[in-house]
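Protein chains in written order, with the working numbering: chain G, 1 to 318; chain R, 1 to 318.
Watch out, some of these pointers could steer you wrong.
For chains that are exact copies, the list does not tell them apart, and a pair is met inside one copy or across any two.
Dumping the calculated DSSO-like pairs for lysine-lysine here, alpha-carbon to alpha-carbon at most 30 Å [stated by the list, open to error]: (1) Lys275 / Lys257; (2) Lys76 / Lys103; (3) Lys257 / Lys270; (4) Lys288 / Lys272; (5) Lys288 / Lys257; (6) Lys21 / Lys310; (7) Lys257 / Lys272; (8) Lys310 / Lys32; (9) Lys310 / Lys288; (10) Lys32 / Lys270.
Because the hints were derived from the structure by calculation, they are not lab data.
Next come the chains, spelled out residue by residue.
There are 2 protein chains.
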Amino acid sequence: MSFTLVIHGGAGNITPAIMNKEQEQQYTEGLKASLDKGYDVLRNNGTALDAVAAAIAEMEDNPIFNAGRGAVFTKKGLNEMDAAIMDGSNLAAGAVAGVRNVKNPILLAKEVMLNSGHVFLSGGGAADFARNQGIHMEPDSYFFNQSRYDQWVEIRDTDFTQLDHKGDNLKGKEVPNTGHKFGTVGAVACDMYGNIAGGTSTGGMTNKRFGRIGDSPVIGAGTYANNATCAISCTGHGEFFLRAVVAHDVSCLMEYKGLSLQEACAIVIKDKLVKMGGEGGLIAVDAKGNYDFCFNSAGMYRGMRNSEGKEVVAYYGM
Amino acid sequence: MSFTLVIHGGAGNITPAIMNKEQEQQYTEGLKASLDKGYDVLRNNGTALDAVAAAIAEMEDNPIFNAGRGAVFTKKGLNEMDAAIMDGSNLAAGAVAGVRNVKNPILLAKEVMLNSGHVFLSGGGAADFARNQGIHMEPDSYFFNQSRYDQWVEIRDTDFTQLDHKGDNLKGKEVPNTGHKFGTVGAVACDMYGNIAGGTSTGGMTNKRFGRIGDSPVIGAGTYANNATCAISCTGHGEFFLRAVVAHDVSCLMEYKGLSLQEACAIVIKDKLVKMGGEGGLIAVDAKGNYDFCFNSAGMYRGMRNSEGKEVVAYYGM
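In isolation and in its complexed conformation, chain G is listed as follows:
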């Protein structure tokens, strides 16, 4: 009757130099609150799928993370969010891209999985589906966050797109990164039935344009789960994760080469992705409750809590 929950709140240039005590406390509290929500589900005989949704929804409600309420602003000053969830027991999956006004995109992704007959819905159509299904919606003002707004104002008149996890932009010029800018969120879990699930939710890149979709909502890239191998949630420079089909690659290294969870994660994140120039990381769990945090960036907001009484909350490199 063992179970395990692992979460992340984004990977990037997370070092002691950019974090003050107050920020450390905010993230510690935010990650612990998410772990508690998911753990309660698992402890009360709940499923990995429900634990993942609960843990992510808690982070979506916390404005320090770039997801849900804390989503960054697009070029047009909007909050457009992506999310995906996958059930490793039956390979069912649901995902949404570019949705507005949805309080918890991860719950909409779950609804897509369970009740749409589809896997992947986008834009205004996905919001229509949300309203049809009675998903909790919020006005634009709910998503307003001064620090995200200031971050956007700083670069809105440029062509620059700011990653959520570092100061880079896609034109190659550095934009100063001033606190509270990390934060795609995700969770993976193994429940007492031996089933696993994974999910990811994000506001994407500050000042993003053209309806850009990253890896988070793409099954196989940012999110994947299969009882036979692993459940994965990624965070980082999404374009590289899309091209490398990161989450599914970890799964295939386990299934076809017989690698352990940790070995497979290390090859994909610390070797293959580094050679491509892709920065970021992932969290992983298998159906035996083995877990891994793996990143090639300076740090990753992360946490783990399992039925053996072990709890981890950390930010910096290992």
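Starting from the structure of chain G, add chain R where the hints point.
Showing chain R alone in chain G's frame:
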């Protein structure tokens, strides 16, 4: 100095019973025109990437295929198209979902790959990018097609969504399938430099709602290319192809288990996908010019032409 081009125009319930001589001739001509366009690129020292784009653009311009000009109608009576392309020599990729008024979505996907700094753009934002880059746009009337329109009118007042490749719908009731309804298109190629590429373009499902995205534009699911393994383009019931990460799975079976192109395709399409209940097929090529057509449906519109002078055009089961 060998090269190979393989194309498909959709898989599904394609049997002699539903095809008359005139239709057979239309598809033969349509597939041959596409093969000629791509083959000319390869013969004139062009790249696999350019051959794939040229072969697909030709089918997008032909209203018998469900892509570009022949795209089916959504629930709202619009033509919303998806496409993706990937270059196996460097794992560069570009994709668009839910775009309107773009004459050749495959050329927009290529532009995204080369000049957006992103991989995946969607909706009105992707169309904005197209206009910025001078991509050829067409008015709604260009995409009007009487048979597609009639097909939509038949089911528009229902909740049914019709797959492009058979008469099924997602509520489980059969909708009569009356000619000219197949047709997601795709191409894969190996050029004289030993580089491979793959691409896919589609109008999706008739009467689709909620901004539904299928597998076609999703790198790893409907489209993938990697010189080390294979280039793949899929067609079929997209939701299953998304959940099974079909194109990348074929690649991983080759890379991690050492299977041949044909062996890997057969496992994914004729075993794994069948067990999930997913109908459809794919085309594949590797960097040695080996190729495969593989489908678990009654038929697939398909063609191949290579530097050895071999040409294939076929529809029905093998």
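Hint by hint, here is what the structure shows:
1. Lys275 / Lys257: Answer is both: 21 Å inside a copy and 22 Å across each meet the 30 Å cutoff.
2. Lys76 / Lys103: Both: 20 Å inside a chain and 26 Å across chains, each within 30 Å.
3. Lys257 / Lys270: both (18 Å within a copy, 22 Å between copies)
4. Lys288 / Lys272: The answer is both: 26 Å in one copy and 24 Å across copies each meet 30 Å.
5. Lys288 / Lys257: both (18 Å within a copy, 24 Å between copies)
6. Lys21 / Lys310: The answer is within: 24 Å in one copy meets 30 Å, while 70 Å across copies does not.
7. Lys257 / Lys272: This pair counts as both: shortest intra-copy Cα distance 16 Å, inter-copy 18 Å.
8. Lys310 / Lys32: Close inside one copy (13 Å), not across copies (63 Å); limit 30 Å.
9. Lys310 / Lys288: The answer is within: 16 Å in one copy meets 30 Å, while 51 Å across copies does not.
10. Lys32 / Lys270: within (27 Å within a copy, 45 Å between copies)
Violated hints are absent here; each numbered hint is respected by the structure.
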